[in-house]
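Using the sequences plus the hints, can you model the full thing?
Listed below, chain by chain, are the residues.
There are 2 protein chains.
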Amino acid sequence: MYSGEYVPPTLTIDSVVFQWSAEQGLSVLLIQRSYEPFMGAWALPGGYCAAGETTRDAMSRVLSAKGGIDTDRLGLVEQLYTFDTVARDPRGHAVSVTYTGLGRDLKPAPGDTTQNPTFWPLQKLPDLAYDHADILAYALQRLRSKLSYTNVVYALMPPLFTLSQLQSCYEAIAGRSLDKRNFRKKILASGFLKETEKMHATGAHRPARLYEFQQQTLQTSDHIYS
Amino acid sequence: MYSGEYVPPTLTIDSVVFQWSAEQGLSVLLIQRSYEPFMGAWALPGGYCAAGETTRDAMSRVLSAKGGIDTDRLGLVEQLYTFDTVARDPRGHAVSVTYTGLGRDLKPAPGDTTQNPTFWPLQKLPDLAYDHADILAYALQRLRSKLSYTNVVYALMPPLFTLSQLQSCYEAIAGRSLDKRNFRKKILASGFLKETEKMHATGAHRPARLYEFQQQTLQTSDHIYS
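For the record, the sequence lines run as chains H and R.
Everything in the first sequence is counted per my numbering, starting at 49 for the first residue and increasing by one.
Everything in the second sequence is counted per my numbering, starting at 49 for the first residue and increasing by one.
Pairs involving identical chains hold if they fit within one copy or between any two copies, as the list cannot separate such chains.
Mimicking DSS-like on lysine-lysine, the simulated pairs with C-alpha atoms at most 30 Å apart in a straight line are:
| no. | residue 1 | residue 2 |
| --- | --- | --- |
| 1 | K228 | K194 |
| 2 | K172 | K194 |
| 3 | K228 | K172 |
| 4 | K234 | K246 |
| 5 | K194 | K242 |
| 6 | K155 | K172 |
| 7 | K233 | K194 |
| 8 | K194 | K234 |
| 9 | K246 | K155 |
These are computed hints drawn from the structure, not numbers from a lab.
Written out as C-alpha cells, the structure reads:
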C-alpha cells in the first residue's frame with residue numbers, strides 16, 4: 049500500500065507542564081510564539097519530531113529549547129494523547145503527540161531560543177494558539193481523573209506537607225472545594241501517605257502534622273475490585 | 049526549524065480489539081501477515097496513515113480491510129498510546145498510534161483484502177510480529193486498570209447478564225479469581241448496574257437475577273475524593 053506515493057503527515061510534539069503552589073494555585077507553562085503562524089500568541093511549548101527521534105526525546109529537546117525547562121527536573125512525564133485533526137495546523141496536516149509534565153519550583157531558564165516561557169495560573173489564561181486550549185483542557189481532565197485512583201500529586205507537592213496543603217492542591221486540580229473530613233478519611237485510607245514525626249507551626253494555629261508520599265513514582269489504588 | 053530538510057517518520061495505526069465470552073474468555077483479534085516483513089506471522093491489524101486522514105479514520109479503514117471488522121460494531125473505541133521507538137519497524141522509523149476496541153459477538157467478515165482475521169484467546173497466543181506483544185500487554189494493562197474505576201466492561205458484556213457472568217468477565221481481564229462476596233458488594237455499590245425483573249435459570253441451579261448496565265458509554269466512579 050502507498051509505496052512510492054505515501055505522504056506522511058508532519059509529526060510534532062506539544063507539552064503541558066503543570067506546577068502547583070499555595071500562592072499561584074495550579075499553573076501551566078506557556079511560551080510566546082516568535083514566528084508565524086500565530087506569531088506573538090501564547091502556546092504550549094511544541095515543535096517538530098523528525099524520523100530517527102522518539103517523541104519523548106523531541107519533547108525534552110523542545111521543552112528545553114523553547115521553554116527553558118530541563119525535563120529531568122520534572123517529577124512525572126507521561127504521554128497524554130495524540131491530536132490529529134487535519135485542519136489543526138494552517139500549514140498542513142500535523143499530528144501532535146502530547147505529553148504532560150508535573151513538577152515543583154520550576155523556573156524557566158532564559159536562553160537564546162526560549163520564547164518568553166511563563167507559568168500562567170489556570171484562572172487567568174490568555175487565548176492560546178492552534179487547538180492548544182483543547183489539549184490543555186484534556187490534560188487537566190486526565191489529571192483530575194487520576195486524582196481519584198492514583199498518588200499523582202506527589203509530583204506537584206513539596207517533600208513534606210500538611211493535609212491542608214495537600215487538600216489545597218487537590219482542590220486546585222478538581223476546580224472545587226472538598227469536604228475536609230471526607231478528604232482526610234479517604235486520603236489516609238488510600239495508603240499513599242506516610243506520617244512523619246515533624247510538625248508545621250504557622251502563627252496562631254495549632255501545629256499541624258507533616259506528611260510525605262510513600263513513593264515518588266505513580267501508584268494506583270484499586271477500588272471496585274480487589 | 050527543519051524547513052526543506054525535515055523528514056517525518058512514517059505514521060501508522062494498530063488496533064487491539066478484544067471480546068469476551070464465557071467459553072473463550074478474553075480474546076484478541078489477530079491477522080496473519082500476507083507480505084513482508086514478518087510474512088506469515090500473526091500481528092495486530094495495522095497499516096499506514098497518510099496526510100489528510102485522521103488516525104481514527106485510518107484505524108476504521110484498516111480494521112475493515114485487513115480484519116473484516118466494522119468499527120461501528122464495537123461498543124467502545126479509544127486511543128491507547130503512541131509507540132515510537134526508532135527500530136520497531138525494520139523498514140525505517142514508523143510511529144504507531146494505537147487504538148483499543150471492545151465488542152461482543154464479533155465475527156470477522158471475509159473479504160479480498162482480509163488477512164485470515166481470527167480471535168485468539170489470550171491464554172493461547174502465537175508469537176506476534178513487530179513490538180505487538182508489547183502493545184497488547186499495554187492494552188491489557190490499561191483495560192485492567194479501568195476495571196477499578198470505570199464501567200468499561202459494558203462494551204464486552206451481553207445486554208443482560210448475571211453477577212456470576214460479570215465476575216467471570218472481570219476475572220478474565222484481571223487474570224486472577226476474585227472473592228465473590230467482595231466483588232458483588234463493590235460492583236453493586238459502584239452505581240454502574242441496574243437490576244432487572246428478569247431471572248436466568250440454568251439446570252439444577254437456583255435462578256439468578258439478571259442485570260444490565262445503566263449506560264452503554266464510559267463512566268467513571270470517584271473514590272479518593274468526592
